[in-house]
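Each chain, written out:
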Amino acid sequence: MARYIAKRLVLLIIIIIFVSIATFFLVHLLPGNPATTILGPNSTPQNVATVNKQLGLNKPLWQQYFIWIGHVFQGNLGQSFTTHQTTTSIIAQSFPIDLELIIFSQIIAFAIAFPMAMAAAKRPNRLFDQASNSTTFAMLALPPFVIAPVLVLIFAVHLHVFPGPASYVPITQDFWSNIHTMLLPSIVLALGSIVVYFRLLRNDLISTLQEDFITMARSKGLTDRRIMWRHALRPSSISLLASAGVTIGSLIAGTFIVELLLQMPGLGYQLISSVNQDDYTVVQGITLFVAVAIVLINFIFDFLFTIVDPRIARE
Amino acid sequence: MSSVITDDLAEIKEEVAADAAADRTTKKKLGVFFWVCASFIVIVALLATFASLLPLPNPNLGNYSSVQNGGPSWSHLLGTDDLYRDILSRLIYGARVSLVVGFGGALIGLVLGGVPAMISAYRRGRVDTVLNTTSYVFLAFPAIVAVIAIVSFWGHTLWKITLIIGIFAAPLIFRVVRASTLSYATRDFVLAAKALGASDTRILTREILPNIMPTVVSFGLIAVATIIVLEGSLAFLGLSVQPPTPSWGNMLNEGSSLLTGAKGQTNPWLVIFPATAMFLLLFCLNVVADKLRAYFDVTEIKL
Amino acid sequence: MSGRRLLEVEDLNVTFATSRGDLRAVQGVSLTLDQGKTLGIVGESGSGKTVLSRAIMGLLPRASTTQTGSVRYDGTEILNAPNADLRKLWSTHIAMVFQDPMTSLNPVQRIGHQITEPLRIHLDVSKSEAKETALSLLMQVGIPSPVERYDAYPGQLSGGMRQRVMIAIALACAPRLLMADEPTTGLDVTVQAQILDLLGQLQHDRDMAMILVTHDLGVVATRTDEIIVMYAGNVVERAPTNVLFKSMAMPYTEALLESMPRIANPSHTRLTAIEGRPPDLLHPPTGCPFAPRCPYAQDKCRSEKPPLLEATPGHSYACWFPLTAGDRRPDPEPSQTVTA
Ligand SMILES: Nc1ncnc2c1ncn2[C@@H]1O[C@H](COP(=O)(O)OP(=O)(O)OP(=O)(O)O)[C@@H](O)[C@H]1O
Ligand code: SF4
Ligand SMILES: [Mg+2]
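Protein chains in written order, with the working numbering: chain D, 1 to 315; chain W, 1 to 303; chain U, 1 to 340.
There's no promise every hint is true.
Said to hold, decoys possible - If the Cβ cut is set under 10 Å, some of the chain D residues that face chain U in the computed set are: (1) G221; (2) D224; (3) H231.
Claimed, not checked - Below, computed lysine to any residue pairings styled on SDA-like, alpha-carbon distance capped at 20 Å: (4) W:K291 with D:N125; (5) W:K160 with D:D278; (6) U:K37 with U:H122; (7) W:K291 with D:N203; (8) W:K291 with W:L280.
Said to hold, decoys possible - Okay, the calculated bits of chain W under chain D, using three or more residues with CB under 8 Å as the criterion: (9) 45 to 59; (10) 81 to 93; (11) 144 to 151.
Derived by calculation from the structure, the hints in this document are not laboratory data.
Backbone N, C-alpha and C define an ideal beta-carbon position, used for all residues, glycine too.
All chains, please: the whole structure from these sequences, using the hints.
Listed below in structure tokens is the structure:
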């Protein structure tokens, strides 16, 4: 177990170094002189000097990288040349929105996908199983950027059940209005997760329920409910956890899309506005933050693996 | 002496072929649904390819004598958008982007990921270990973030987007192809061919490739669908091909921004039609991939 | 105390609905078992032993199986009884040791939890009491340093240890009837003997009835009171143990005895010593199911199925030409060649 974690930790560090190098070199994809391109219309000689200092653009590449990474370690991700806000404070303001969306949507997704998968797996190939199986298969073809506008059209524009775009209320301001505005985007994100969780869990549950140790558990006189929750669920959650890496990717893409669609000032919204304003330092900073966050989340899921299924660390 | 081995080889091959044939004739059929979905994809592809030969109005130019944001009518079957442009025409031209990026990206991914995967899995050794670890590293963070970042620094032209997405699809394709090559690399018929002194290239192309083809094709179609989703998301975020060139993603973006506009400015059709088109294309790709996988008995590969 | 009729099975039939047709895995089986006694069920692989024992317990999946006949436990009919009723019997009255210790323990739960679970659920004991009982059970089944094993996962134990854990689980709630389904498959010979001795010992201590399922006549020879021999879902011979070994009537039983495992062929390898294969249960032959492999088979055997008849009190068999009827017995047909 300790060895397994140590191995994963080494991989984690390698990946983070790799991510940071890649993010650093993004600036060099810009055509022309990075400092002037970064600053665009804001390129006063003074600003150019600041950028050059920040990125160390007159030094050899490897030195530039170390200067930059040194700043990053001090929490300095540069600043916006349009609003003069630091990237760190932009992230600090917008990240809670993404976090809330993700947590909220995942609660909805788990609350629906788990019971659904258990009900389907209990009677495989019967009506409920087949219905939910084909529905989720069809929903695989409904990514957030397709389903979100349609749901906004139906529920916000026509039925007025949920508030439309640009009605975001911070949670600190009014808890219930915040929840109300969060509901529609969370449902959009949850739909995608439900499909993935349901399909993985259902398949694994069906094969787990045929295992000898389930018959053994039945012969102990346990209720079906207890067998499902206590004996079948955990050994069936491996694929689910293993898929976290992919899931988190589509989840991030989904949050960006709903934020843009509903004009919620989360990371995605900030990222896209910065791109549109050629505010490259902010783009670079947010990219690094999101990439590292995802890598860390993946690492945590790897660790959860070993708790959920002790077989893994032993292999 | 060599004839004994050739005989053996021939026999093994025959058996494998006979087994496969028996399997196929006894129970398996692709089914009507498969053909319906496959035809849909082909029709979309044909329409997109020959769009300029069709009697369609220019997708990028509005006709100011027609209605703005008009619903479906005889002159504009799917209506018009806020710039008086024909939605049907934009939809058909827009399919080009999805298809080019989808199939092009998957092809690039196959070349960059699939070919090294076959060689690496066949040869094993240190190169394999290094490539394998690299693919893990690449997969540890999602393509979407990387693609957004690169595209916003590098530019939004079609070929750049296709290339970047293709590069980021490569590690995943690498893993799939590597896993399925590994499962054949030590089979009898491969060993027999080796004993006969067949060259590595010959073994890879004649013995292994045909066997991993079903996996590659069915997974490749899933990759196409995934890439189309990625491009669509990019386009929705305004980071794919730039207006006025239509793509389904940027049409959805335009439609969405009109949703809450002032009265007479809203246009639900500009959401409904591209959304439906996208859904149908993705759904058909999934169905075709899924049926092929069932038909060829490709077990789902755990990544 | 001893002598009370615990289990009574009458004309039990189990049919699986498979995609290729009905599969009659158990056909018209009757048996009885008294408190404190041991019944051996012997037969080749695939003869229906596991299906029979699971049907008696009511563990077979309901959806795809049809079960007819009667199974009475302590006078109460339990065949096709609702799961809720069966759950009250499982663990506390009837418990089962499963065939494969490698797959029958939950891989992601600690041993201790798996033993205390039935205790906590059925006997309403406190956590600490349950742990105490579990530790003493682990001790009884001969697990060294039970305190450490208590927190182990199944993957950390050897096959023999796992089988001992399974026995501990089965015995946790002190059942009156223990079904041991090939409790020693896959274990090496010395461990097999240890486990079987352990079972015998525990059974004796607790005055428990036991059904011991095996494909090895040698195993049941010294450890059972009565033996049932199964072939292709049918009981083909049934007798008290001493009677069976004294006057064996079925050629199949004889073949089983002759194929008894030797050192070179330890019993955990599946029985292959009898030439030929058991019949296809989807399309059973019309006559005696053993006829294609029986060295004494006559035309009658191939056309008419011999009924299971009681020849002497307690001894029944299904054979037209039993071994016991020395003079009536025809000469074996010229040696059969092995067909691949
Ligand atoms: N769930 C099921 N569905 C269909 N057929 C089954 C099922 N379970 C068992 N069978 C069939 O019933 C027959 C008897 O199987 P069973 O497991 O009882 O044999 P066994 O005597 O226990 O053999 P072994 O010594 O290998 O354990 C076999 O032919 C088997 O294929
Ligand atoms: S009935 Fe005939 S075939 Fe069957 S066991 Fe007896 S002698 Fe053999
Ligand atoms: Mg069995």
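Quick rundown of the hints versus the structure:
1. A hinted interface residue such as G221 (chain D) counts as satisfied when its beta carbon comes closer than 10 Å to some beta carbon of chain U; here the least separation is about 4 Å, so the hint holds.
2. Taken as an interface hint, D224 (chain D) checks out: its beta carbon lies about 7 Å from the nearest beta carbon of chain U, inside 10 Å.
3. Proximity of H231 (chain D) to chain U holds as hinted, the smallest CB-CB distance being about 6 Å (cut-off 10 Å).
4. Distance restraint check for K291 (chain W) and N125 (chain D): the Cα-Cα separation of roughly 18 Å lies within the 20 Å cut-off, and the hinted pair is therefore satisfied.
5. Restraint check for K160 (chain W) and D278 (chain D): the C-alpha separation of about 19 Å stays at or below 20 Å, so the hint holds.
6. With a C-alpha separation of about 25 Å, the suggested pair K37 (chain U) and H122 (chain U) falls outside the 20 Å cut-off, and the hint is violated.
7. Distance restraint check for K291 (chain W) and N203 (chain D): the Cα-Cα separation of roughly 17 Å lies within the 20 Å cut-off, and the hinted pair is therefore satisfied.
8. As the CA atoms of K291 (chain W) and L280 (chain W) are separated by approximately 16 Å, the hinted pair is consistent with the 20 Å bound.
9. With a threshold of 8 Å between beta carbons, the proposed coverage of the segment 45 to 59 of chain W by chain D is violated, since 0 of its residues qualify and at least three are required.
10. A count of 0 residues in the segment 81 to 93 of chain W with a Cβ less than 8 Å from any Cβ of chain D is obtained; the coverage claim is therefore unmet, three being the minimum.
11. For the segment 144 to 151 of chain W, the assignment as covered by chain D holds, since 6 residues bring a beta-carbon within under 8 Å of that chain's beta-carbons and 3 suffice.
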